[in-house]
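Q: As a plain string of letters, each chain reads:
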Amino acid sequence: MKFTLSRVALKIGVMLALLFSALGLHTALNPAHAGDEKTVFFNAWGGSPVINDYIIWASKRLEEDHGIAINHVKLTDTATAVSRILAEKTVGRNEGGSVDLIWVNGENFATMKDSGLLRDDAWAFDLPSWQYTDAKALPALVTDFGVPTDGLESPWGRAQLVFAYDTSAINQPPRSAAALKAWVIENPGRFSYPLPPDFTGTSFLKQIALELANDQSVFAQPVDTVDANMALAPLWDWLDAVHPYLWQEGRNFPKNYTNLAQLLGDGEINIAMAFNPAKFSNDIKTGALPDTIRTYIHDGGTLANVHYLAIPFNASSPEAAKKVADFMLSPEAQLRKANSDIWGDPTVLSMAKLSAQDQAAFAALPRGIATLSEAELSQSLPEPHPSWVAVIEAEWAKRYLSP
Amino acid sequence: MPLARISPSVKVFVFTMMRFVITALALMVLVVPVLLGVLGAILPAFGYLPPLGGLGFGVQPFIEFFNMPGINRAISLSLITGILATVISTLLALLLPGLLYGNRLFGMMRQYLAPMLSLPHVTVAVGLLFLLQPSGWLIRLISPWLTGWDRPPVFGPMGGIVQDPYGIGLMIGLIAKEVPFLVLLVLAALSQINTRPLLTLGRSLGYGPMASWIYLIVPALWVRLRLPIVIVLVFSLSVVDMALVLTPSTASPLAVRLLWLYQDADLAMRFVASAAAVVQIAVVVFAFLLGWILVKILSGFGRSLAFTGHRFTHPSLAVFKPVLVVMALLPTALAALGLVAAGLWSVSGRWRFPSAWPDVFTMRHWAGVFSGLGDVLLTTLYLGASVSALAVVMVMLWLSQKPSKTLTMAENSIYLPLLLPQAGFLFGVQIMLLWFGLDGTWLALIWAHLLFVLPYVWLSLAPSWRSFNPQWTMLAASLGSSPFNRFLRVRLPIMTLPVLTSFAVGFSVSAALYLPTVFASNGRITTLTVEAVTLAEGSSRSPLGVATGLQMMLPLVIFILATSLARRRYKQFSYFR
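These protein sequence lines are chains A and B, in that order. Here the first sequence is numbered in numbering that gives the first Met the number 0, starting from 0 and rising by one per residue. Here the second sequence is numbered in numbering that gives the first Met the number 0, starting from 0 and rising by one per residue.
Just chain A, with the same shape it has in the complex:
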């Protein structure tokens, strides 16, 4: 009896092994469901759990409505996906590309537009949800860091750089670059910023450069048409003075704003920043941050911009990608995104163009305990021309990344 049982077990074992080998081979010969217009490979920065959860929700909703699933390829730096698409173009892969939809703005968009990496039929203006936007009232919907979008990308959300501080450690937060410098030197080890080329880190550098500039209009010009060294000299002086007093003496940097907020919550640092006005309210709500955290912006205003979704020229499932971009722009998706309990990313839709019901829903959204009001956020700085990013990042790396 025992022997029979063991023979059965053996047979099952052998069959399982064969089955797994066969399954392995079978899958091996059938590439991941690419190009069937059912799965959209969405390449998006993946450093924030709330954003990742939001994308999961969107995938579920799209599955219900259109039978489309989002495969979120979590990036640590969007430039890696841009470089991958560029490599595909270079080896001549004009269809069946690895990216269907990509979350971009600023210099990555400018690079992709210049290199012809984007689907160029102005699809973004044809999306049904485009009717809810008002580009006249919000010109940033069609000009990305000063570069015309030409319908190559569809707006997804708005963002503004905000700072956060712990009220239990600081009475009056430093509300300018100069005041911040003095505060950091007085409180060694208690300030840091995300490691450039992380977008929040790079934005912080741009913020400081703009605040210290004698003439901010220089930054609106392409970098090679002006004296960049002179324009950036105050930034490097500021950083040279501040770096020895940074968290871990500037030898180590948090990788992004999520890491930075974690350090704030642990009390390793006392001032943090994010490119999302509701980020800190959200973290207080989930318990990741203590409720003594409040946000503020610098007196001269802070950087503000719009972020977008774009479709590469060689996307495998471009039609499905359009459906995803359209859904992301719909009142339903924008409402959920603007909810500070979910994500808190301000909407790009125009209230005047929405139904009364949707308007009421937006008006009823919780603002969050640490989120500034629209009035307090109204002081904003325009983004520099995208060409400045590469110059700032390269010079920063030369000076501070490899001392």
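A hint or two may mislead.
Claimed, not checked - Okay, derived cross-link-like pairs now, EDC-like style, lysine to aspartate or glutamate, Cα gap no bigger than 16 Å in a straight line:
no.: 1; chain 1: A; residue 1: LYS397; chain 2: A; residue 2: ASP236
no.: 2; chain 1: A; residue 1: LYS284; chain 2: B; residue 2: ASP358
no.: 3; chain 1: A; residue 1: LYS37; chain 2: A; residue 2: GLU63
no.: 4; chain 1: A; residue 1: LYS88; chain 2: B; residue 2: ASP265
no.: 5; chain 1: A; residue 1: LYS322; chain 2: A; residue 2: GLU62
no.: 6; chain 1: A; residue 1: LYS322; chain 2: A; residue 2: ASP52
no.: 7; chain 1: A; residue 1: LYS284; chain 2: A; residue 2: ASP236
no.: 8; chain 1: A; residue 1: LYS322; chain 2: A; residue 2: GLU36
no.: 9; chain 1: A; residue 1: LYS59; chain 2: B; residue 2: ASP374
no.: 10; chain 1: A; residue 1: LYS59; chain 2: A; residue 2: GLU331
no.: 11; chain 1: A; residue 1: LYS37; chain 2: A; residue 2: ASP64
no.: 12; chain 1: A; residue 1: LYS397; chain 2: B; residue 2: GLU63
Stated by the list, open to error - To give a feel for the contact side, a few chain A residues facing chain B, derived at Cβ under 10 Å:
no.: 13; residue: PHE40
no.: 14; residue: ASN70
no.: 15; residue: THR77
no.: 16; residue: THR79
no.: 17; residue: ARG83
no.: 18; residue: LEU85
no.: 19; residue: GLY91
no.: 20; residue: THR110
no.: 21; residue: PRO127
no.: 22; residue: PRO196
no.: 23; residue: ASP197
no.: 24; residue: ARG250
no.: 25; residue: ALA389
no.: 26; residue: ALA396
no.: 27; residue: SER401
Keep in mind that the hints were calculated from the coordinates and are not lab data. Predicted, not measured: the structure shown is a model, and the values here were computed from it. Ideal Cβ placement from N, Cα and C applies to all residues, glycine included.
Using the hints provided, position chain B relative to the given structure of chain A.
A: Same frame as chain A, now just chain B:
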């Protein structure tokens, strides 16, 4: 047509053909592409890569590479951490079993180290991070009652205890993983040499236990451990995932800089990256030669000690014993403690500094697994199981051939992927995959995993397969059993334990692979390890805790399942071994 009706000669023929095809295929699939991958790094390094417009030959990429800021530091950091971690791990692994031999701890060693072996490297790194950062669990446990700190301390140049600019955290991580690996191999080797009689011989000549161990056992172990030690050296010199977690942003080792270069948005940097890959290979060769010289010197020194009859009885050596035991077990213990911290974070709703325990517990993050990580978990499980099953079947078929000279050569060549730095050939491989349009497919991914899983399955299965007593199959043959039946009904049942164990080993290797997954999948297929590195690089602790918990459990569950299943069968067939 039932199998029994096919004439025996046809079956033998089919079986032989199958083995031949498998061997040829294995070599074609495993060795040739790796060599092409190296070529794919060397050619662009000298400026030749037609798709990117590189048609000439020159050393410009190397010049650019060496002109990059901080590159010399990156190279020396790689060399120092890689060599030191290997030397320390090797010494500890060779001496620790000697210190504990005959002790109660000796028996426990295997039990406690085996699970450590199944953990992915990055899991261990994350554990150390959770434990040792300034706001980590260790400092929480002793604050504020002991330290007086009610907020995380500022440590100055050291940064934290991990993520330090000198690579100490990275070395602790490497040692925590490599000591268990090497010690388990030492234990296996000890059962193959006449340990007890040799030690008795040493004692009868008036040498102490440690002296006998060093003079009689260590040389015998060395011969059996050379290859794994070289594998450890190559791995330590080129590790990416652990280094991403355990080194600070401004002091990354060469392999990380190499990854950055390959991910640079400027495609022209691919040439420089290829130059970096060639330098990475050169660094490994240099370290290997250095290690070889070191071993020559040490063995010469040992021999001269032996000739003079040195007995290691100096009183100061007594201190040495506890120090060695602590050094060997501390990194592993720290990693284990760190994993407990990771587990705590995964269920914490709120955990303010300096609380020693989470202020609020929640299962929210684990509930998220089923929406977010479910696919990733399935992918990891599925990939690991199919790659590992393929590898086991291939190794079994391979091993059932009659040994020959060509075959031995072919066997040795399967270690190739472990003896080359991953970054050195994977980038070349990726360029090839891109060329053939295979990047991001399951085929590419399964193949890339097979490259690394096969050698480990081989390492784990081949010795016991070869120690099989052929009389049992001969007996079956004399009773008229066909070769196929002999394999299926006689050999396989007796070999269940080693076969299932090697399956589990293969699975844990596959589950741990980072760089091969990233490059073969081109970002389209995500496994737990890739997810964990992404989370470790920038996310809050709780999701990272969950990913780490899953990473810890998956290989362990497979390991326990495989071995317990096998043990039940082992009881029935143990007589035959």
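Q: Now look at each hint and say whether the structure bears it out.
A: The hints, checked one at a time:
{"no.": "1", "hint": "A:LYS397 with A:ASP236", "in the structure": "holds (15 Å)"}
{"no.": "2", "hint": "A:LYS284 with B:ASP358", "in the structure": "holds (15 Å)"}
{"no.": "3", "hint": "A:LYS37 with A:GLU63", "in the structure": "holds (12 Å)"}
{"no.": "4", "hint": "A:LYS88 with B:ASP265", "in the structure": "holds (13 Å)"}
{"no.": "5", "hint": "A:LYS322 with A:GLU62", "in the structure": "holds (11 Å)"}
{"no.": "6", "hint": "A:LYS322 with A:ASP52", "in the structure": "violated (19 Å)"}
{"no.": "7", "hint": "A:LYS284 with A:ASP236", "in the structure": "violated (38 Å)"}
{"no.": "8", "hint": "A:LYS322 with A:GLU36", "in the structure": "holds (10 Å)"}
{"no.": "9", "hint": "A:LYS59 with B:ASP374", "in the structure": "holds (13 Å)"}
{"no.": "10", "hint": "A:LYS59 with A:GLU331", "in the structure": "holds (13 Å)"}
{"no.": "11", "hint": "A:LYS37 with A:ASP64", "in the structure": "holds (12 Å)"}
{"no.": "12", "hint": "A:LYS397 with B:GLU63", "in the structure": "holds (14 Å)"}
{"no.": "13", "hint": "PHE40", "in the structure": "holds (6 Å)"}
{"no.": "14", "hint": "ASN70", "in the structure": "holds (7 Å)"}
{"no.": "15", "hint": "THR77", "in the structure": "holds (9 Å)"}
{"no.": "16", "hint": "THR79", "in the structure": "holds (4 Å)"}
{"no.": "17", "hint": "ARG83", "in the structure": "holds (7 Å)"}
{"no.": "18", "hint": "LEU85", "in the structure": "holds (6 Å)"}
{"no.": "19", "hint": "GLY91", "in the structure": "holds (8 Å)"}
{"no.": "20", "hint": "THR110", "in the structure": "holds (7 Å)"}
{"no.": "21", "hint": "PRO127", "in the structure": "violated (28 Å)"}
{"no.": "22", "hint": "PRO196", "in the structure": "holds (9 Å)"}
{"no.": "23", "hint": "ASP197", "in the structure": "holds (8 Å)"}
{"no.": "24", "hint": "ARG250", "in the structure": "holds (5 Å)"}
{"no.": "25", "hint": "ALA389", "in the structure": "holds (9 Å)"}
{"no.": "26", "hint": "ALA396", "in the structure": "holds (7 Å)"}
{"no.": "27", "hint": "SER401", "in the structure": "holds (2 Å)"}
Checked against the numbered hints above, the structure breaks hints 6, 7, 21 and satisfies the rest.
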